[in-house]
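Numbering (the UniProt record's numbering), first residue to last: 1 to 416.
Hints were generated in silico from the structure; no laboratory data involved.
C-beta: ideal position from N, C-alpha, C; glycine also.
Be aware that one or more of the hints could be misleading.
[Said to hold, decoys possible] Computed spacing ranges between beta-carbons, pair by pair: (1) Leu139 <-> Arg170: 25 to 31 Å; (2) Lys312 <-> Lys13: 19 to 25 Å; (3) Thr161 <-> Val333: 36 to 42 Å; (4) Ser347 <-> Asn49: 31 to 37 Å; (5) Thr161 <-> Lys257: 55 to 61 Å; (6) Thr392 <-> Asn143: 27 to 33 Å; (7) Asn244 <-> Ser112: 43 to 49 Å; (8) Lys257 <-> Ser112: 47 to 53 Å; (9) Ile95 <-> Thr45: 50 to 56 Å; (10) Pro359 <-> Thr31: 37 to 43 Å; (11) Thr196 <-> Val333: 27 to 33 Å; (12) Ser340 <-> Asp78: 21 to 27 Å; (13) Ile98 <-> Ala162: 23 to 29 Å.
[Claimed, not checked] Quick list of in silico lysine to any residue cross-link-like pairs, SDA-like style, CA-CA up to 20 Å: (14) Lys171 <-> Ile263; (15) Lys115 <-> Leu139; (16) Lys316 <-> Leu302; (17) Lys363 <-> Leu302.
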Amino acid sequence: MTVHSLSPTGNCKGLKEGQASYSWCVRNLRTLMVFTGIWPMEPPTLLLNVSYYYNATTFTLVICGMMAGAISVMDNYDLLVDNLSINLIFTEIFIKCILIKIYSKPLSRVLSLMKFDWISLKGRGPIHGDVLQSENIMLLHANIPRIFFIAYTALALVAWTATVVAAVSRKSSKMQIDASNAFPMPSWYPFEMHSTPNYEMLLTFQVIIGCSIAVSSAAVDSLLVTAVFHVCGQLEILRKYFENLHSSETALEETEKKVAAAIKRHSKLIDLCDLIEDCYSQITLSQLLVASLNVCLSGFGLLLAIESGNIKVFLKFLLLLIAMLQQILIYSVTGDYLSSKSTAIRSAIYKMKWYELPPSLSKALMLIAIRAERPLVVTAGKFFPMSLENFTQVSSHCAKLQNRVGLVRKLVVTFR
Numbered sequence: 001m002t003v004h005s006l007s008p009t010g011n012c013k014g015l016k017e018g019q020a021s022y023s024w025c026v027r028n029l030r031t032l033m034v035f036t037g038i039w040p041m042e043p044p045t046l047l048l049n050v051s052y053y054y055n056a057t058t059f060t061l062v063i064c065g066m067m068a069g070a071i072s073v074m075d076n077y078d079l080l081v082d083n084l085s086i087n088l089i090f091t092e093i094f095i096k097c098i099l100i101k102i103y104s105k106p107l108s109r110v111l112s113l114m115k116f117d118w119i120s121l122k123g124r125g126p127i128h129g130d131v132l133q134s135e136n137i138m139l140l141h142a143n144i145p146r147i148f149f150i151a152y153t154a155l156a157l158v159a160w161t162a163t164v165v166a167a168v169s170r171k172s173s174k175m176q177i178d179a180s181n182a183f184p185m186p187s188w189y190p191f192e193m194h195s196t197p198n199y200e201m202l203l204t205f206q207v208i209i210g211c212s213i214a215v216s217s218a219a220v221d222s223l224l225v226t227a228v229f230h231v232c233g234q235l236e237i238l239r240k241y242f243e244n245l246h247s248s249e250t251a252l253e254e255t256e257k258k259v260a261a262a263i264k265r266h267s268k269l270i271d272l273c274d275l276i277e278d279c280y281s282q283i284t285l286s287q288l289l290v291a292s293l294n295v296c297l298s299g300f301g302l303l304l305a306i307e308s309g310n311i312k313v314f315l316k317f318l319l320l321l322i323a324m325l326q327q328i329l330i331y332s333v334t335g336d337y338l339s340s341k342s343t344a345i346r347s348a349i350y351k352m353k354w355y356e357l358p359p360s361l362s363k364a365l366m367l368i369a370i371r372a373e374r375p376l377v378v379t380a381g382k383f384f385p386m387s388l389e390n391f392t393q394v395s396s397h398c399a400k401l402q403n404r405v406g407l408v409r410k411l412v413v414t415f416r
């Protein structure tokens, strides 16, 4: 797919201010993604490569240990569901990090286009220079992802801390637990895991890697939110540009130039959105599949907890259920917001006095309106649009599947 090149417009001061604004926009996100080695930079630096391969190696060791732990407790429903629910989360995060690295080149292109938009804003370039609210709109659509990233990262670290505390408390209370369940990541390794200092070393290793995994997950999701909200901000600016495009005082020649600039800008934004979609469709698909499966496992775990009367296990699976639905909701809200902003272009064109323009310009505007009828979307695997409507459908299907899993379990217990 080809993306039209953007040329920064404006003086040297506008260039510097635009670069500074872009750096402010992604500073927090870039810092943590460099730490985990998944910041999309072309060519990647030595630090980025070392960080990525170190984290990839440790992630692999942790996931292999968790899979071995799942195999070791296959005869125990409670422990198996507990292990699989956590195992799936970490495996899916690992897959997301690999995919981000694979798509680092096109994602680097996305970030470059975002930077050029900030430069165009500060340099008072075409479109941006003609809409007075451009800077406020871009700042709003940059602040929301920044706040989201900070809150999401903090929430992920708090959730991981609670998981660690729960595992340590189980160990310190000397309650009879399975060997793999004494760790925040239920695992099994071919050595004595509970003796000192093996337990302390393995626990420290899991705590550090768990923090890195939690940060990586928040960063990958936040990068999508940042990119999509940037596109939404540009679409909002373009919408206001269309609303003020034609007036009786505007010369015909100037109007023609503005219409041509608007057509090019709309085409570039569609290409940018397609580029984001190419990078994130597989990531979104893996997120949707794993989260949906975990919703079902969480529901099954809730049934087990209700039957056994274990309040702690019930709360654990309830929080896990909420967390999985929240992950799907993030992608759904982001996709829904993008769709609404893209279709708003059509409404803006219909509201303007296009009938007062020459036929050639009216036809050009109608072509944009027709193109805007098809909303821009974030999809899972390029076939399932992420929207609030589809979120409710996924939640409904997961609830039905939970009931069927519960019935199957009752039948298995009965015939045993």
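### Query
Given a hinted range of 55 to 61 Å, is it respected by the beta-carbon distance of Thr161 and Lys257?
Holds, at about 57 Å.
### Query
Taking 20 Å as the top limit, are the C-alpha atoms of Lys171 and Ile263 close enough?
violated (64 Å)
### Task
Please test the hint of 47 to 53 Å on the beta carbon pair from Lys257 and Ser112.
At roughly 26 Å between Cβ atoms, Ser112 and Lys257 fall outside 47 to 53 Å, so the hint is violated.
### Query
Under the criterion that the straight-line Cα-Cα distance not exceed 20 Å, is the pair Lys316, Leu302 satisfied?
holds (9 Å)
### Query
CB of Thr196 to CB of Val333, is that within 27 to 33 Å?
Violated: the Cβ-Cβ distance is about 47 Å, outside 27 to 33 Å.
### 50 to 56 Å as the expected CB spacing between Thr45 and Ile95, which holds or is violated
violated (24 Å)
### Task
Confirm or reject the claim that Ser340 and Asp78 have a C-beta distance inside 21 to 27 Å.
violated (44 Å)
### Verdict for Pro359, Thr31 (Cβ pair) under range 37 to 43 Å
violated (53 Å)
### Given pair status - Leu302, Lys363, alpha carbons within 20 Å
Violated. Lys363 to Leu302 sits at ~59 Å, over the 20 Å cutoff.
### Query
Quick one: are Lys312 and Lys13 within 19 to 25 Å, going by C-beta?
violated (60 Å)
### Task
Could you see if the CB distance from Ile98 to Ala162 stays within 23 to 29 Å?
Because 27 Å falls inside the window, the suggested range holds.
### Message
25 to 31 Å was suggested as the range; check whether the CB atoms of Leu139 and Arg170 agree with it.
### Response
Given range 25 to 31 Å: violated, Cβ gap about 47 Å.
Of the numbered hints listed earlier, those contradicted by the structure are 1, 2, 3, 4, 7, 8, 9, 10, 11, 12, 14, 17.
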